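Chain residues, written in single-letter form:
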Amino acid sequence: MPSSVPRMPTQKPRSRPTYRFGHIYLENWRNFTQVDVSLQRRVFLVGPNAAGKSNFLDVFRFLHDLAAVGGGFQQAVRDRNGVSRLRSLAARRYPDIVVRVSVTSNGSNEVEWEYELRFTQDNRQRPMIRRERVVKGGRELLVRPLPDDERDPERLTQTYLEQVNTNRDFREVSEVFASVRYLHLVPQLVRDPERSVGRRNDPYGGDFLEQVASIQEKTQRARFRRIVEALRVAVPQLSELDLYRDARGAPHLRGKYEHWRAMGAWQTEDQFSDGTLRLLGLLWASLDGSGPLLLEEPELSLHPEVVRFFPQLMARVQRRYGRQFIVSTHSTDILRDDGIGLDEVLVLTPGAEGTVVRPASTFIEIKDLLNGGSTLADVLIPKTRPRNAEQLSLFGET
Amino acid sequence: MATRPTPHFSGVVEGIVDEAVVRRLLDHVGAGVGDIHVKNGKPQIVTSLPGFIAAAKYSPWLVVVDLDGDAPCAPAFLRTLPAAVPGLLLRVAVREIEAWILGDRERIAEFLGISIGHIPRDPDSIADPKETLVALARRSRRKDIREDIVPRIGSGRRVGPAYGSRVIEFVRDTADGWRPDRAAGDSVSLARCLAALRAIHRRAVK
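First to last, the sequence lines map onto chains D and Z. If you read the first sequence in this note's numbering, its first letter stands for residue 36, the second for the next number, and so on. If you read the second sequence in this note's numbering, its first letter stands for residue 5, the second for the next number, and so on.
The set of hints was computed from the structure by calculation and includes no laboratory data. Source: prediction; values computed, not measured. A portion of the hints provided could be inaccurate.
Calculated cross-link-like contacts (lysine-lysine; reagent style BS3-like; alpha-carbon spacing at most 27 angstroms) [as the list claims (entries may be wrong)]: (1) D:K402 - Z:K43; (2) D:K418 - Z:K46; (3) D:K418 - Z:K43; (4) Z:K46 - D:K402; (5) Z:K43 - Z:K61; (6) D:K418 - D:K402; (7) D:K291 - D:K253; (8) Z:K210 - Z:K61; (9) Z:K61 - Z:K46.
Here chain D is said to cover these stretches of chain Z; the calculated rule only asks that three of the stretch's residues, wherever they fall, bring their Cβ under 8 angstroms from a Cβ of chain D [stated by the list, open to error]: (10) 151-158; (11) 164-173.
C-beta: ideal position from N, C-alpha, C; glycine also.
Kindly generate the complete structure, drawing on both the sequences and the hints.
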């Protein structure tokens, strides 16, 4: 029945404290000249196409890349084609790029950590740190450049965060950043992993099956059971999921469908629909880890009545596992959920001075409109609609 | 005696919680459940009502709307709407569908983790049943209930982030959750809805 809520598993929450991003401050990051907003347990990013929703998500991916094994500052900037590509086009001259986040404990709801990185490039176009600052509970633990950095500027090509011998006092921050996950599963890549051979933790799903296969079998089976239960909301015929390896050792998913034959028929992932694979990916990622999860348009390929329950699914996973969801969306079905806090929605509005980001709660008319019976979707769609959308219908006339 | 297939009711409701209630009620009286149209609030239902009335010549329809503050009582509100026809049952929840849910005092108290003494006795007389349900959840002994149902300070909303899914969970749970007959004992508007539903279903089966 499409009306039922995908139920998430019952499992004891981890005893380890969980963290989320509580605030973000940016200067000159891609198409944002300045951003200064609080972040709640769920964050919904809305805005017209090309407003910068993915660029906003990319800040958190950048922090992940700083802290991840095999990552680091130089690599993270290089992967984004250098400082001049990262720097906002609206920025005049060559100002610094600034990324500052606070990390909040889910338990106490207090800011535990602040991390700031300010950087530019030198005349050889190498990314150079101008300032790196770590604050714990309001007390500064680190402010670079240090005297050593002044003596040997080469040191400013690496953050203290990325080095195990310098991040000892704030390794927790590094772990939170490294725990960020991004998912934008492309069903075609899951079905045809050869296209992305060798990619690890591929957010587009190229090694999705490998990732599933790498989990301990017992955990894997338990997760499959829960996922099937939730998936059946959208795909009622599905009765079982498992993983097997073919003769070449490549992992494959298969699902048992009860619909067609009395005994059920097994299908492998290359026969799964786009929607099934995307929902499967979303459910798997929700259960895999407890760090912030970045989702790009989770509504794609799915029935509106399934999508409608995503905000509540996220709320319940969040409560149970402490997992923060940061989600870009164009979906009215997501936005009509009346439990979405006005401070959970960030509205991106492009302008001459770069894109402006503000919480929906800051629009003064919004409460009156909601009280009058409008849904949040009714209120936000006009704000995020491209100015001349109707022009599109004229395409082909000239 | 050959039994004819049970006719499927189509439904029209204001939101996802209402949908769960209507499905449960149809199941409860033994009627089949057809398409349920989930609208965004009452105005959309009222404007589309002539269409539902016309469609009721093919199969039975159940339309449930909240009275809210639109009229002093359900009959007064019904007089403002197009006249219903035999195949279409238009029922008004006084004043919101949450009143029907609160009617099963024992189970809702159990579900929310509060003492039964806190649950009001005459649900149809509650001015704002949804707000009452949220206020009751605020007293819950269970943190998960409070976090799901009660809105966070600063959220600017009437309900918490998983209000709908929690209440639906209760309504759908036939073993330990909501009992429509028990709730109808306390809520007159639900009792009338159930009686009318049974009558129309009996006629349709005959």
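For this structure, which hints from the list above don't hold up? none
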